[in-house]
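Student: One letter stands for each residue in the lines below.
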Amino acid sequence: MNTARKDTEQHDAGRATHDASRFVTFHLDAEKYGINVMQVREVLKITEIAPVPGAPDFVLGIINLRGNVVTVIDTRKRFGLQPRAVDDATRIVIIEEGDQVVGMMVDSVAEVMNIPSGEIELAPNVGNDESAKFIQGVSHQGEELIILIDYARLFSME
Amino acid sequence: MSKPMARTQTLIDERQALDVYLEALLREIPDVIEEAPPAPPVTSTQTPAPVEAPAPVAASGPITQPAPDAQPEWGRQRFQAMLFRTAGLTLAVPLIELSGVQEWGAAPVTPLPRHVEWFLGLVRYRGRSVPVVDTALLVLPRDRRARLTGTPDERFSRIVFIGEGDWGLACDDVAEVITLEPEQVRWRTTRTTRAWLAGTVIEHMCALIDPSAFADLLARGAADAGLEWSEEEGTGDLP
Numbered sequence: 006m007n008t009a010r011k012d013t014e015q016h017d018a019g020r021a022t023h024d025a026s027r028f029v030t031f032h033l034d035a036e037k038y039g040i041n042v043m044q045v046r047e048v049l050k051i052t053e054i055a056p057v058p059g060a061p062d063f064v065l066g067i068i069n070l071r072g073n074v075v076t077v078i079d080t081r082k083r084f085g086l087q088p089r090a091v092d093d094a095t096r097i098v099i100i101e102e103g104d105q106v107v108g109m110m111v112d113s114v115a116e117v118m119n120i121p122s123g124e125i126e127l128a129p130n131v132g133n134d135e136s137a138k139f140i141q142g143v144s145h146q147g148e149e150l151i152i153l154i155d156y157a158r159l160f161s162m163e
Numbered sequence: 532m533s534k535p536m537a538r539t540q541t542l543i544d545e546r547q548a549l550d551v552y553l554e555a556l557l558r559e560i561p562d563v564i565e566e567a568p569p570a571p572p573v574t575s576t577q578t579p580a581p582v583e584a585p586a587p588v589a590a591s592g593p594i595t596q597p598a599p600d601a602q603p604e605w606g607r608q609r610f611q612a613m614l615f616r617t618a619g620l621t622l623a624v625p626l627i628e629l630s631g632v633q634e635w636g637a638a639p640v641t642p643l644p645r646h647v648e649w650f651l652g653l654v655r656y657r658g659r660s661v662p663v664v665d666t667a668l669l670v671l672p673r674d675r676r677a678r679l680t681g682t683p684d685e686r687f688s689r690i691v692f693i694g695e696g697d698w699g700l701a702c703d704d705v706a707e708v709i710t711l712e713p714e715q716v717r718w719r720t721t722r723t724t725r726a727w728l729a730g731t732v733i734e735h736m737c738a739l740i741d742p743s744a745f746a747d748l749l750a751r752g753a754a755d756a757g758l759e760w761s762e763e764e765g766t767g768d769l770p
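Residue numbers (the numbering used here), protein chains in the order written: chain A, 6 to 163; chain B, 532 to 770.
Among these hints, one or two may not hold up.
What the hints assert, rightly or not - Restricting the straight-line Cα-Cα distance to at most 20 Å, the calculated cross-link-like pairs of lysine to aspartate or glutamate (DMTMM-like) are:
1) Lys37(A) - Asp155(A)
2) Lys50(A) - Glu148(A)
3) Lys50(A) - Asp34(A)
4) Lys138(A) - Glu648(B)
5) Lys37(A) - Glu148(A)
6) Lys82(A) - Asp704(B)
Stated by the list, open to error - To give an idea of the interface, some chain A residues facing chain B are shown, with a C-beta separation under 8 Å as derived from the structure:
7) Glu36
8) Met43
9) Ile68
10) Phe84
11) Ala90
12) Ser122
13) Pro129
14) Ile140
15) Leu150
Source of the hints: derived by calculation from the structure; they are not laboratory data. Even glycine gets a Cβ: it sits at the ideal position worked out from N, Cα and C.
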């Protein structure tokens, strides 16, 4: 019995050390954000975006992605940041959420990072601001703080 | 005839306005406390000093919501407090509830998107991500907040960490450490509003913070918890 328990503990310990997720990180202003790599289908260079009349103001429009229509959102506007001109570093991160595919326009894409779950802190609940609930957590990597996004909540925000 | 008076009131200069503001802050403390003798040594935290403490509470009727003690435990004997300034207002924080002070810029303060404006972001402090708040935006009356200008880098020079380092209060600068006797503080008797304000110290023209109550209010969200000055409270006595 003791051996069995020891085995289980060892197994759990092993899982804890390897329990890491990979995140695609991107920049908006000086801040670095992360989104789980499992939800990122691809990253595109900026392309022509056709505006959609009557869409919410944070929706930039639609793009044609190999025959599929994908909505592109202005992530800066969604996050309440000041507008910024598109440049060579601007990217569209294509996210798959359930059966929905959405593109997030970001300032630039940085890298793919391995972040152990033990290094993810809960984001503080400050000011009871519902609109900030799409922040899944934060993680310090070196000198940087990575803000991890809950993509499902990001898309479901009113 | 009333025109010149109105002009004088609106054109009051900044320093004068601050004095009036602090005066207003001091005036709200009931005078009865001023006459009270120094608090005798208290052995029990459940029963306040028999002379002055229970009377105002009883007079104001039953308190339905838990309010902080009128005179916190740390204020019942001589204590040390550190003075710091924000937007011209001097605040005092008891050393016993002070975790530390860090230079603004020693570690980056990372803003989180779509948060309330008084939340400046997270800073790395003692191995944790600690929320930092704009103290002035939280404690100043609404009309004075509008006059705050400049970026955080321009406005702040220090972060004061309270409690176990759970919250950081951004401030303009940190001044000296003072030693206070309980009778030097005009303790507030009831703290159903602005529970963060434990009392005022006339000698130093400063407001004494109750860090535990401040942290508690921040955790609950300032707007919901009544941390902010309401129009009536904050500006009623100002010219």
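Student: Are the hints correct? Go through all of them and say.
Tutor: Consistency of the hints with the structure:
A C-alpha spacing of about 14 Å is found between Lys37(A) and Asp155(A), which places the hinted pair at or below 20 Å, so the restraint holds. Between the alpha carbons of Lys50(A) and Glu148(A) the distance comes to roughly 28 Å, so the proposed pair goes past 20 Å and is violated. For the suggested pair Lys50(A) and Asp34(A), the alpha carbons sit about 18 Å apart, so the restraint of at most 20 Å is met. Our distance criterion of 20 Å between C-alpha atoms is met by Lys138(A) and Glu648(B), whose separation comes to about 16 Å.
A C-alpha spacing of about 11 Å is found between Lys37(A) and Glu148(A), which places the hinted pair at or below 20 Å, so the restraint holds. A threshold of 20 Å between alpha carbons decides the hint, and for Lys82(A) with Asp704(B) the separation of about 34 Å lies outside it, so the pair is violated. Checking Glu36(A) against chain B: minimum C-beta separation of about 6 Å stays under 8 Å; hint holds. For Met43(A), the interface hint is violated, since its Cβ never comes within 8 Å of a Cβ in chain B; the closest pair sits about 22 Å apart.
Annotation: interface hint on Ile68(A) violated; nearest CB of chain B at approximately 24 Å, more than 8 Å. Given the 8 Å rule on beta carbons, the hint for Phe84(A) holds: about 3 Å separates it from the nearest Cβ of chain B. For Ala90(A), the interface hint is violated, since its Cβ never comes within 8 Å of a Cβ in chain B; the closest pair sits about 19 Å apart. Given the 8 Å rule on beta carbons, the hint for Ser122(A) is violated: about 16 Å separates it from the nearest Cβ of chain B.
At a threshold of 8 Å, the smallest CB-CB gap from Pro129(A) to chain B is about 5 Å, leaving the interface hint in force. Because the beta carbon of Ile140(A) sits about 6 Å from the nearest beta carbon in chain B, less than 8 Å, this interface hint is met. Here the hint on Leu150(A) is kept, as its CB sits about 4 Å from the closest CB of chain B, short of 8 Å.
In terms of the numbered hints stated before, the structure departs from hints 2, 6, 8, 9, 11 and 12, listed from lowest to highest.
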